[in-house]
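Trainee: Each chain, written out:
There are 2 protein chains.
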Amino acid sequence: MPNPTAAMLVIGDEILSGRTRDTNTHFLAGELTRHGIALAEARVVPDDHAVIVAAVNALRASHDTVFTSGGIGPTHDDITADAIAAAFGVRISKRADAMALLDAHYQRSGMEFNDARQRMARIPDGAALIDNPISIAPGFTLGNVHVMAGVPTIFQAMVASVLPTLTGGAPLLSQTLRVDRGEGEVAGPFGVLAAEFPDLSMGSYPFTQNGAFGTNLVIRGTDPSRLHAAMTRLASLFPA
Amino acid sequence: MPNPTAAMLVIGDEILSGRTRDTNTHFLAGELTRHGIALAEARVVPDDHAVIVAAVNALRASHDTVFTSGGIGPTHDDITADAIAAAFGVRISKRADAMALLDAHYQRSGMEFNDARQRMARIPDGAALIDNPISIAPGFTLGNVHVMAGVPTIFQAMVASVLPTLTGGAPLLSQTLRVDRGEGEVAGPFGVLAAEFPDLSMGSYPFTQNGAFGTNLVIRGTDPSRLHAAMTRLASLFPA
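Line by line, the protein sequences are chains A and B. The first sequence lines up with residues 1 to 240 when you count with our numbering. The second sequence lines up with residues 1 to 240 when you count with our numbering.
Bound conformation, chain A alone (with noise of 0.2 Å):
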């Protein structure tokens, strides 16, 4: 059985600007990897409800798992749980259980449940939250899509505490070896070696230090031993 999919949405029109670098999407990419998901299409959206709920729709049908990142702090431009549940059709309000842990978090810490703070509280019917162990405020899944959060740290707790619920399939394991010649001087034979392994995934990525021409070679797949035949057939290939 192939792995599980999954996509990343990036929410927030600070990305697409070039003010903010998103960072959230490597970090999902190496986790999912680990955990046997792979992580099939990234997509970064502006803060605009259509094209979210858009995208959302599209995501959610074709791949197995969706994850957002941004969109659901207390200002005008946090529009985000109001699009997920524009996406599914479902109702969204301020919800009992997260004006619970919002009201407990800010009475603790002496600031004010304000009417902006509440937004935070705003969930769609029928989802699940996803804890929040930093800044309280929790994100929420709904069918196959996790709604989390942008600032980095938070985006991190959150995924930590939702893929261990997820079922993954047999780890991507990678092997890389390093050519001290160009790609176009190693393409031949290395395209060769990947059409007799239809079922692992070659990859080469070149890279110049102190001036001079190299390839990183690499083989992805989920069996190890037909891994590790690959790697021997690509080491007599080239060898040191």
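Since the hints were made in silico from the structure, they are not lab data. What you are looking at is a predicted structure, and each value in this text was computed from that prediction instead of being measured. Idealized CB from N, CA, C, for every residue including glycine. Be careful, since some hints might not be right.
Reference excerpt, derived from the structure (chain A facing chain B, CB under 7 Å, subset only) [stated by the list, open to error]:
id, residue
1, Asp13
2, Gly18
3, His26
4, Gly30
5, Thr33
6, Gly36
7, Ala42
8, Ala86
9, Gly89
10, Glu183
11, Leu193
12, Pro198
13, Asp199
14, Ser204
We have chain A; now place chain B onto it with these hints.
Mentor: Same frame as chain A, but now just chain B:
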């Protein structure tokens, strides 16, 4: 007239597996913003012919300009040029102009212009070449799609040669006010201000520094006088 829009399509298994961090989208975002083109969407897709074709066709239909990065090297997993040709329904072959460029380059450097390297001369019919001052193998422009290398230095050089050919709008300006208060405290008045200036885009980005909460309030727009007016009002709402 609203600014023209662009989309970015990052192609490569290595990004989705978490092996490589995509830096091209962030670079492009900043360049486009300065050039007055709005980056409206970014996607990352795997080295999969059908997926690339579908993404290219979706993005070129909905945006003024599309940029792609990755998959134009000499190895078997470099399938971008063929996918672009398929997306446009045109033929692809080793083109004389690209062959001449590469042949001269490999003669100069004393390297064999072998079959794998000749793959990099495969250019769809009707495309215009994009100069690659670093490793010569060209990118190309077909319709509104600019196909560029994934290696960041080459990607950046190709963006530098393509960008002056594109009609931009007024540059998107942005100003930031840093306030020493949490996002939930500034959200109310900030949202009211945003509603007063519907022609500007306002976003808030929380941070913690030395254990204290703060928020960067960012206002973006193309009209300097409107931006100045909004920033003046913002500074009066949150005096230092």
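Trainee: Taking the hints in turn, state whether each one holds.
Mentor: Here is what the structure says about each hint:
1. Asp13: 6 Å, holds
2. Gly18: Given a least distance of 3 Å, the restraint on Gly18/A holds.
3. His26: 5 Å, holds
4. Gly30: Holds, about 3 Å.
5. Thr33: 5 Å, holds
6. Gly36: 12 Å, violated
7. Ala42: 4 Å, holds
8. Ala86: 19 Å, violated
9. Gly89: 24 Å, violated
10. Glu183: Given a least distance of 6 Å, the restraint on Glu183/A holds.
11. Leu193: 9 Å, violated
12. Pro198: 11 Å, violated
13. Asp199: Given a least distance of 15 Å, the restraint on Asp199/A is violated.
14. Ser204: 5 Å, holds
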